[in-house]
Amino acid sequence: MLWWSTARQLHTVLAGGVAAFLLLLLLFQESTAQLPSFFASSASVVLILAAPVPLCAALMLCLESRLPSAEDTGVRPIRLLDTGVVLAALASALFLSLTVGMLLDSSPVLEAGRNSVFLVGLMLCVRPLAGSRAVMVPVCWIVVVALMGYDRFGHAHPWTVLPRPLTDVYALAITTFTLVAGLALQTYAARHESGRIAP
Amino acid sequence: MSVPVRLRTSSVLWAAPIALGLVAVYYFGNPPLKESEHHGYAPTVVSWTMSSFYALTYAVAAGLGVWESARLRHYGVWQSAPVRSRIRVAADALVPVLLLTWSMLLLPLIAALYQAGAVPTVNSLRLPAMAMTVCVAHLVIGFCAGLVLPRILAAPILAVSVFFLVASSWSSGYTIWPRHISGQFPVELMYGELPTLHSLAPHVMFTGSIALAAALCTLLRNFTTRIALPLTLALTGTFIPSSMVHDWGPNPKLSTGNVSMSCQGKNPTVCVPQPLSSELPRVQAEAASVFAALSKTGVDFAKPAELQDSIVGGRFSYRSTESTWWLRLTDATNGETLRYSVMRKAIALPCDRPDGEAVQRLTLWASAATDTEGFALQRQQEELVTEVEKQTLRKSRAAVRQIHARSHKDQTTWYQETSEKACSGTSEVGSH
Chain A
0 MLWWSTARQL HTVLAGGVAA FLLLLLLFQE STAQLPSFFA SSASVVLILA
50 APVPLCAALM LCLESRLPSA EDTGVRPIRL LDTGVVLAAL ASALFLSLTV
100 GMLLDSSPVL EAGRNSVFLV GLMLCVRPLA GSRAVMVPVC WIVVVALMGY
150 DRFGHAHPWT VLPRPLTDVY ALAITTFTLV AGLALQTYAA RHESGRIAP
Chain B
0 MSVPVRLRTS SVLWAAPIAL GLVAVYYFGN PPLKESEHHG YAPTVVSWTM
50 SSFYALTYAV AAGLGVWESA RLRHYGVWQS APVRSRIRVA ADALVPVLLL
100 TWSMLLLPLI AALYQAGAVP TVNSLRLPAM AMTVCVAHLV IGFCAGLVLP
150 RILAAPILAV SVFFLVASSW SSGYTIWPRH ISGQFPVELM YGELPTLHSL
200 APHVMFTGSI ALAAALCTLL RNFTTRIALP LTLALTGTFI PSSMVHDWGP
250 NPKLSTGNVS MSCQGKNPTV CVPQPLSSEL PRVQAEAASV FAALSKTGVD
300 FAKPAELQDS IVGGRFSYRS TESTWWLRLT DATNGETLRY SVMRKAIALP
350 CDRPDGEAVQ RLTLWASAAT DTEGFALQRQ QEELVTEVEK QTLRKSRAAV
400 RQIHARSHKD QTTWYQETSE KACSGTSEVG SH
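These protein sequence lines map, in sequence, to chains A and B. Under numbering that gives the first Met the number 0, the residue at position 14 of the first sequence is numbered 13, and the numbers go up by one with no gaps. Under numbering that gives the first Met the number 0, the residue at position 148 of the second sequence is numbered 147, and the numbers go up by one with no gaps.
Hint data in this document are derived by calculation from the structure and do not stem from the laboratory. Don't take each hint at face value.
Examples of chain A residues lying across from chain B (beta carbon under 8 Å, computed) [to be verified]:
(1) 39
(2) 46
(3) 49
(4) 55
(5) 56
(6) 90
(7) 131
(8) 134
(9) 135
(10) 137
(11) 138
(12) 140
(13) 147
(14) 150
Even for Gly, the Cβ is constructed at its ideal location relative to N, Cα and C.
Just chain A, same shape as in the assembly (with noise of 0.2 Å):
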């Protein structure tokens, strides 16, 4: 166990990785920007938004750093371990956005957890796929939302998600299905050796 965590560079690049999403809900709380948008001309944006990257990038890595001979063997129930690890890091996640956003009363504070948890699914869900590129896929779906998930009036519309209120059903039933479906296909889609995908 202690092995293979060091492998996975728990301790080091996930702590990390919890960390920095800290760090970012402390720094941005709800600080917005107005930032430039296709379909109107501009919309206001919370910050916090972007503090969910530096997790998804940092599980990422560790969920990457396989030693594809030695977990191979079986010995290990590896993916069940890579289960708990996504597991883990969201759960430390959550349990920061609500005590810090509880704390300092800031709703997009809060919503930065469950934001977390929809993202690092969704990266799961294409990771299958696209190999380590996932880790772009956050980034691509905050931008998306940034540039046009807003109509003129400035509400986000429901399918973004990330800036919809922490009661809104929907965006909760989107979140919890795309963490499934993202454990899911990590855990049953047939896994590439690191090296035979071109990176």
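Starting from the known structure of chain A, arrange chain B on it as the hints suggest.
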């Protein structure tokens, strides 16, 4: 490597569908710019379209730059014995990405210009040229970052940071300088406006100097120069542009009047931009009719030799002189509004703060002579807020009706007396 192989191994292969897909969504989801918003002036169309794409393109450049260098490092190309120079190796990997980012900038432009029916000029390419240069800088920054950091961390973090930093530079609150150096040109160009070299240089210098510093850091061998030289370069490269722009307002330095004018007629000679000169006979006739009508009243009105269309000034206004007046001519909505603005300029009083009620009466009186009564009344009514103001307008209308009933000579005398009183400060406007 042959071109197909180079494309097949490049990150462009999987990034292009997404990046160009976004461009397509923009094209099909956006109604084209209205004729009244661009008047066929290509730089306006170009700047409107580009404003959505700066941040996106730079983010793609930085992210894919990381990916490419990490690929070279992963397969040991970067470390292997030098058959070609490192710059050549980097350029080979970066050219496909550069072409992708440039097409992200240029494709929407070509589509928008085609939809607007605007003919692109060399000058309208100033903004794209700046953005394309800044793209190269972001690519280099990404490439250098990917050589030392794991790409899974560096690519998404760099891309999202570039996107948010560049895109939010428009709204940095009271700190204005970021919008002048971020690489995202801060305003949309209006008719006749062009960015000056002075306003484009800070954008290129800021990102460019960081990129140059990153490149030197990678290429230099000696430890001291490797740290000292790039650091100095990056610091001066950030300091010079920000000190260049620190006293600028929200608007960058723009040059105006970049359209040739064509003129027509006498009394007055009317000049409008050449591309809009189909309007010229109509505008000249309307303007001339105002001066003819005013001279019939017997009052000695100001009359210029030349009437210029102030649309070429964009957001700025030119100062009218006695012989040359600058007025909105071609984008006046119809003949009446055009005649009204010429008439208002002709009856303008020679003092700074004339009495409001007197000006109201003079305007109503002159509007009857120039056939702009409907519009004049509408404008006066738009300005009304309080009940007292409404009453004043009613009184003025009644008074002007009385004056119109009088003899020609009486009216001239009334006009002169009222305008003198309006400027004297102690105004007592009545009908004697």
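What hints, given by number in increasing order, does this structure fail?
-> Hints 1, 6, 12, 14 are the ones this structure does not satisfy, whereas the remaining hints hold.
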